[in-house]
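Participant: Numbered per my numbering, the sequence shown finishes at 292, counting up by one with no gaps.
Check before you lean on any hint, since a few could be wrong.
Across the chosen pairs, the derived CB separations fall in these ranges [said to hold, decoys possible]:
hint: 1; residue 1: N226; residue 2: N256; range: 35 to 45 angstroms
hint: 2; residue 1: D270; residue 2: D225; range: 10 to 20 angstroms
hint: 3; residue 1: T168; residue 2: S125; range: 20 to 30 angstroms
hint: 4; residue 1: G194; residue 2: E258; range: 14 to 24 angstroms
hint: 5; residue 1: W276; residue 2: N256; range: 18 to 28 angstroms
hint: 6; residue 1: D236; residue 2: N165; range: 31 to 41 angstroms
hint: 7; residue 1: E258; residue 2: S182; range: 43 to 53 angstroms
hint: 8; residue 1: S170; residue 2: S120; range: 22 to 32 angstroms
hint: 9; residue 1: P233; residue 2: E258; range: 24 to 34 angstroms
hint: 10; residue 1: E130; residue 2: G194; range: 34 to 44 angstroms
Calculated from the structure, these hints are not laboratory results.
Quick reminder that beta carbons are idealized off the backbone N, C-alpha and C, glycines included.
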Amino acid sequence: MNDTSVHNSSDRHGLRAQKRRTALVVVVAAAAVVAAIVALTRGDIDPSPDSRTDVASGVNAATTTEQASGPTHTSAWSAEAGSAYGREFAAFRSPAAGLMFDSGAYGVVDGGDVLVSAVGLPNPRTYSLDDVQLVGIGVSDGEVQWSASPGGLDSCASRPARGELLCLDSYSDVPAAVAVGVDNGATRRSPLPDRWFPFAIESDGDSVYILEGNPEDSESVLHGGSVDALTDAWSLPIAAFAPWEGVGER
43 MNDTSVHNSS
53 DRHGLRAQKR
63 RTALVVVVAA
73 AAVVAAIVAL
83 TRGDIDPSPD
93 SRTDVASGVN
103 AATTTEQASG
113 PTHTSAWSAE
123 AGSAYGREFA
133 AFRSPAAGLM
143 FDSGAYGVVD
153 GGDVLVSAVG
163 LPNPRTYSLD
173 DVQLVGIGVS
183 DGEVQWSASP
193 GGLDSCASRP
203 ARGELLCLDS
213 YSDVPAAVAV
223 GVDNGATRRS
233 PLPDRWFPFA
243 IESDGDSVYI
253 LEGNPEDSES
263 VLHGGSVDAL
273 TDAWSLPIAA
283 FAPWEGVGER
């Protein structure tokens with residue numbers, strides 16, 4: 043994928059439903075711009091201190107992918123960022139990467155018949171991605187189905203939850219989780235509870251998981267539940283260290 047195009051992919055992942063859902067979020071320090079990876083896996087949560095300090099050892103295995111052998115995939119279409127955004131120097135970015143600064147990460151969120159991408163204007167002076175929008179691109183033909191300007195976004199989950207892409211807006215006057223409909227771009231906001239300082243968000247296709255606190259002091263808390271009832275979310279302390287630089291990048 044180049045700086046201005048998103049290509050259709052035949053590799054699609056469906057969402058699996060479970061009556062019992064738990065989550066384990068891991069923050070891992072990395073080098074350079076990408077200094078942390080937030081990974082969510084399903085399974086029983088072991089709240090013991092050893093499990094929280096040892097979770098980093100499994101992240102590489104959980105997040106490493108290998109290029110499949112076989113013929114090279116030929117795209118049926120391509121979408122141009124400049125056309126989708128209406129500005130010549132616009133560039134696509136992954137919604138699941140940090141959006142406050144220009145991560146340079148390309149990617150889309152698979153919404154079924156629609157692929158959701160972030161698009162904005164890279165600013166080399168401030169290393170930021172200015173005036174970010176989200177766009178829905180039709181899987182069948184690459185046409186832009188909708189565009190939305192939901193305001194300041196920190197980052198978004200890597201998969202939709204119940205038909206909505208869930209994102210964080212932590213620094214507005216009223217910090218909120220922002221839900222954007224993958225089919226039509228309709229946007230709604232759910233205010234975050236007081237005293238939350240979130241820095242990562244993820245979804246399992248049904249619930250939202252928000253990691254907040256101070257990772258540099260190993261004082262973070264994982265909250266999980268419905269985006270419509272964040273005050274009723276369950277909470278789990280996470281004693282894992284990560285530097286602030288790059289937290290939320292993927």
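Participant: State for each hint whether it applies.
Facilitator: Structure-based check of all given hints:
Between N226 and N256 the Cβ separation comes to about 37 angstroms, which falls inside the hinted range of 35 to 45 angstroms. The given range of 10 to 20 angstroms is respected by D270 and D225, whose C-beta atoms sit roughly 18 angstroms from each other. At roughly 25 angstroms, the beta carbons of T168 and S125 sit within the given window of 20 to 30 angstroms. Between G194 and E258 the beta carbon distance is about 23 angstroms. The supplied range of 14 to 24 angstroms therefore holds.
Distance hint for W276 and N256: a CB-CB separation of about 20 angstroms, consistent with the stated range 18 to 28 angstroms. Range check, D236 to N165: about 33 angstroms between beta-carbon atoms, so the 31 to 41 angstroms window is met. E258 and S182 have their C-beta atoms about 45 angstroms apart, which keeps the hinted 43 to 53 angstroms range intact. At about 26 angstroms, the CB distance of S170 to S120 agrees with the hint of 22 to 32 angstroms.
For the pair P233 and E258, the beta carbons lie near 26 angstroms from each other, so the given range of 24 to 34 angstroms is met. Distance hint check: the CB atoms of E130 and G194 are about 24 angstroms apart, inconsistent with the given range 34 to 44 angstroms.
The structure does not agree with numbered hint 10 stated previously, though it agrees with all others.
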